[in-house]
Amino acid sequence: MKRFYVMGLFSNFDEAFSTISEIRQHAIPGVSVDDVTLKSPIEHPEIEEVLGDRGSPVPKFTLFGALFGIIFGFLFLASAQATFLVQPQGGKAVVPIPSNIVLTYEMLILFGVLSTLVGFLISAKMMTRRHPLYSEKVSLDQVGVMLELDEKNVDQVKNLFKKHKVLEIREEVSQ
Amino acid sequence: MQTKDINENIEWAKINADVLRSMENPRIGYWIAVVCCVLMVSCAVAAEVYQYQTGMGVANLNWPHMWDLYIASFVFWIGMSHSGTLLSAILHIIQADWRKPIYRFAEAMTTFSLMTAGLFPILHLGRVWNLYWVLPYVSDRGVWPNFRSPLIWDAFAITTYLTSSALFLFVGMIPDLAICRDNARGWRQKLYTVLSLGWQGDDRQWRNFRKIYLLMACFLIPLAVSVHSIVSADFAMSIMPGWHVTTFPPYFVAGALYSGCAAIISLFIILRYFFRFDDYMTLPILEKVCKLTFAIAMVWTYLVLMEFAATWYGPDMVEKEALIGRFTGAYAPLFWLMLFCAIVVPFTLASQKLRRHLPTMFVVSLILNLGMFLERYMIVAPTLALSYQPFAFDVMWGSMVEWAIVFGSFGWFGLLFLIFVKVFPSVSMYEVKEMVFHRRNYHSDELATQLHRRADDPQPIQQPGTEGA
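Heads up: the sequence lines are chains A and B, in that order.
Quick note on numbering: the first sequence equals residues 1 to 175 in our numbering.
Quick note on numbering: the second sequence equals residues 176 to 644 in our numbering.
Be aware that one or more of the hints could be misleading.
Listed below are the simulated EDC-like cross-link pairs for lysine to aspartate or glutamate, each with C-alpha atoms no more than 20 Å apart in a straight line [claimed, not checked]: (1) B:365 <-> A:136; (2) A:137 <-> B:186; (3) A:162 <-> A:151.
To list a few chain B residues with every Cβ distance to chain A over 10 Å, as calculated [what the hints assert, rightly or not]: (4) 201; (5) 231; (6) 414; (7) 488; (8) 495; (9) 502; (10) 507; (11) 533.
Everything labelled a hint here was simulated from the structure, so no lab data went into it.
A quick note: this is a predicted structure, and the numbers were derived from the prediction, not measured.
Note that beta-carbon positions come from the ideal geometry of N, C-alpha and C, so glycine has one too.
Working from the sequences, and respecting the hints, build out all of it.
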């Protein structure tokens, strides 16, 4: 089934948000706010009020990475230190807890950061091809509202864009 | 006279154009700076080759002075690295938006300072081919790193800090790299296409971007504190007089912030002048950095005086003799110069008039960093010269080889920084846009007056519309 992508470029957030608000209020039957992707040069501080809370799984990656860092860090050190058994210890612990706490703490942070980065790359769908409708103007000073639609809704969406003083409309069809 | 952190009427397209322009067509001054840095690095390379072939004796390193300028330089560069990422992270979390035009080069400074600092332990090893011995891999080859040694902690901490800081810098640049990608041609476009990781500026990416940036900032604050605490443990974990001090970790952290802030002032003024970033690196922002530096300088001064007082009124006679030796011994001129540069000179930052005078602030920032370099040297050398046993008393001055390598380290840092500012945007375009957007939309005139203007500043109505342009 063919899917249509339509993107309107607006000169400011107000017009773009007005457009999305109308979509949220079901101005076009069959089109919901979940179909909307907003493209902008900056993140608007009130974007969640318009698009709704879409959440981010990145903190879960962070938590996993930090816990992994603690466990792996300590076991890594302890396993290295375990080879010291052949050395005379002079009464000192083979696995010294105080110094291992310092090093485990560093591992916590290192793996926390790395895992957060991996979480970001996955959650934000980075390292993928740019969408055919991507416009360089979005990285300059314009705000894009992109919708994934059925063919029957395309004209209605275009009219909605025009109503809100859209600067440019781009469209793309995918199989 | 600039009275606002940023001109909120500035066009977003102009922000892109100004920053991208700074990355094009280096002027003659840039190439002269590059040549100077290359020559400095060449000095260091020649000195290191000589030291490598001849032995560590050419650096005058011998018992009891097993550490000297190398470790002092190591601590200095680690300290320089602190302000960039740490202040950027703190100011990000508390939403101090005046950080936005200046944090990028400060974070780059962090990364390059760490890359410079990391060279010194390697050079100091003598047997550089055994560097991997510090890594705690499980080995049956008889390589047993001493995990109780702060030097091993250094290896962990600095590796973690360098990795995290570099990632923090890189992640913060992704939206800007996409702007560069959209405007570049040739090899630059290919480079930015790869580095921007397919950034499109959609709401999913922004949402997750905000999360990762905040989370990384939260990690980096305790990490930065821990790194310099661990560096201080290189000294404090020993029993040498003048080093075995409880306040060393906060003292080192404050010192690191202090020298880092001073370096930010220097680089701020250089970038503002050479790249004509007057619209972004404004005088009110410089004033804020200067005030912050002054506050940190006072914290550091307090900790220094407390250390003196604790030693003076304490029971340890050897510690007391070492302290008196600093004030009156062979290193006394350098010690007094350090006190002047790092305790007296910062009071110029308290003057409103001087804070707005760029040449003065540039000189002051260099003097502050000279003071902080001497401070690191004064931690190391006098203690080694006046240890517990009189037969170990020995004054040592750095050799030409040592000084050449230290000199070259500044060239190395400068070279990395010069390459950075021409390949990557040194001002965060998207964050400056955010700053302008916020100021334009959310700040009332009354609040703006309260935040940005002083009683004796011109009133808003007298400001031209293109202020700062």
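The hints, checked one at a time:
1. B:365 <-> A:136: 16 Å, holds
2. A:137 <-> B:186: The given pair, whose Cα atoms are some 14 Å apart, holds under the 20 Å limit.
3. A:162 <-> A:151: Roughly 18 Å between the alpha carbons, so the hint for residue 162 of chain A and residue 151 of chain A holds.
4. 201: Its Cβ never comes within 10 Å of chain A, the nearest being 24 Å, so this holds.
5. 231: 27 Å, holds
6. 414: Residue 414 of chain B clear of chain A: closest Cβ-Cβ about 17 Å, beyond 10 Å.
7. 488: Check passes; 29 Å lies beyond 10 Å.
8. 495: 30 Å, holds
9. 502: Check passes; 34 Å lies beyond 10 Å.
10. 507: Label holds. Min Cβ-Cβ 36 Å, cutoff 10 Å.
11. 533: Fine: 30 Å to the nearest Cβ keeps residue 533 of chain B off the interface.
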